[in-house]
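S.K.: Sequence:
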Amino acid sequence: MSQLNLTADQILAFAVEALEDVKGDKITVLNVGNHTDMMDYMVICTGTSKRHVNALGQNVFEHLKGQGLQPLGSEGRGMGSDWVLVDLHDVVVHVMTEEARAFYDLEKLWDIKPEQM
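Heads up: the sequence shown runs through residues 1 to 117, numbered per the numbering used here.
These aren't lab readings, by the way, just hints derived from the structure by calculation.
Computed from a prediction, not measured in an experiment: that's the story for all the values here.
Be aware that a few hints might be false.
Unchecked claim - Beta-carbon label-pair distances, calculated as ranges:
1) G68 with F103: 28 to 38 Å
2) N34 with G80: 29 to 39 Å
3) D111 with G68: 28 to 38 Å
4) D37 with Y104: 15 to 25 Å
5) T7 with G80: 31 to 41 Å
6) K23 with G80: 15 to 25 Å
7) A102 with Q70: 24 to 34 Å
As the list claims (entries may be wrong) - Each computed DSBU-like pair below joins lysine-lysine, with the alpha-carbon atoms no more than 35 Å apart:
8) K50 with K108
9) K65 with K50
10) K26 with K108
11) K23 with K65
12) K50 with K26
13) K50 with K23
14) K108 with K65
15) K23 with K108
16) K26 with K65
The C-beta atom is built at its ideal place from N, Cα and C for all residues, glycine as well.
Whenever a hint applies, use it, and build me the whole structure from the sequences.
M.R.: And the structure:
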């Protein structure tokens, strides 16, 4: 549970909604709760450009703040980065360019079957 008694599933739903609102591509959800105590879900999304990656990360950050959840933090927002991370307590969102996503290949690193949304 996080602030305002939002469950990890509720935070996940808000995060995915925020990504879809700004046309995030290839949204993948990994249930990592059985593999780490740091989070329950990892969301990975592709943006079409560095500007789009930033807009996606910003929208997730602002959308969850609008729901009363203060994100723990973020990395890469507003920096023209090819990877933005937003830490939403029980859910961590990674937004990357296609090139960064292929290079880091987080899905393979975690080796967990994506959840169906």
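S.K.: Can the suggested window of 28 to 38 Å be confirmed for the beta-carbon pair G68 and F103?
M.R.: Since G68 and F103 have Cβ atoms about 35 Å apart, the given range 28 to 38 Å holds.
S.K.: Is K50 within 35 Å of K108, Cα to Cα?
M.R.: 23 Å, holds
S.K.: Range hint 31 to 41 Å: satisfied by the CB atoms of T7 and G80?
M.R.: 34 Å, holds
S.K.: Straight-line Cα separation of K23 and K108 no greater than 35 Å?
M.R.: Status holds; Cα separation ~24 Å.
S.K.: Measuring from beta carbon to beta carbon, are N34 and G80 in 29 to 39 Å?
M.R.: This hint holds: roughly 36 Å between Cβ atoms.
S.K.: When you take the CB atoms of K23 and G80, is the distance between them in 15 to 25 Å?
M.R.: 19 Å, holds
S.K.: Quickly compare the C-alpha distance for K65 and K50 to 35 Å and report which way the hint goes.
M.R.: This hinted pair holds, its Cα atoms lying about 23 Å apart.
S.K.: Hey, K108 versus K65, does the alpha-carbon distance stay inside 35 Å?
M.R.: 31 Å, holds
S.K.: Are K50 and K23 close enough, with their CA atoms no more than 35 Å apart?
M.R.: Holds. K50 to K23 sits at ~14 Å (cutoff 35 Å).
S.K.: Below or equal to 35 Å on CA atoms is what counts here, so check K26 against K108.
M.R.: Distance of about 15 Å is within 35 Å: holds.
S.K.: Could you grab the alpha-carbon distance between K23 and K65 and see if it respects the 35 Å cut-off?
M.R.: 20 Å, holds
S.K.: Taking the CB of D111 and the CB of G68, does the distance hold inside 28 to 38 Å?
M.R.: 34 Å, holds
In the structure shown, no violation is registered for any of the earlier numbered hints.
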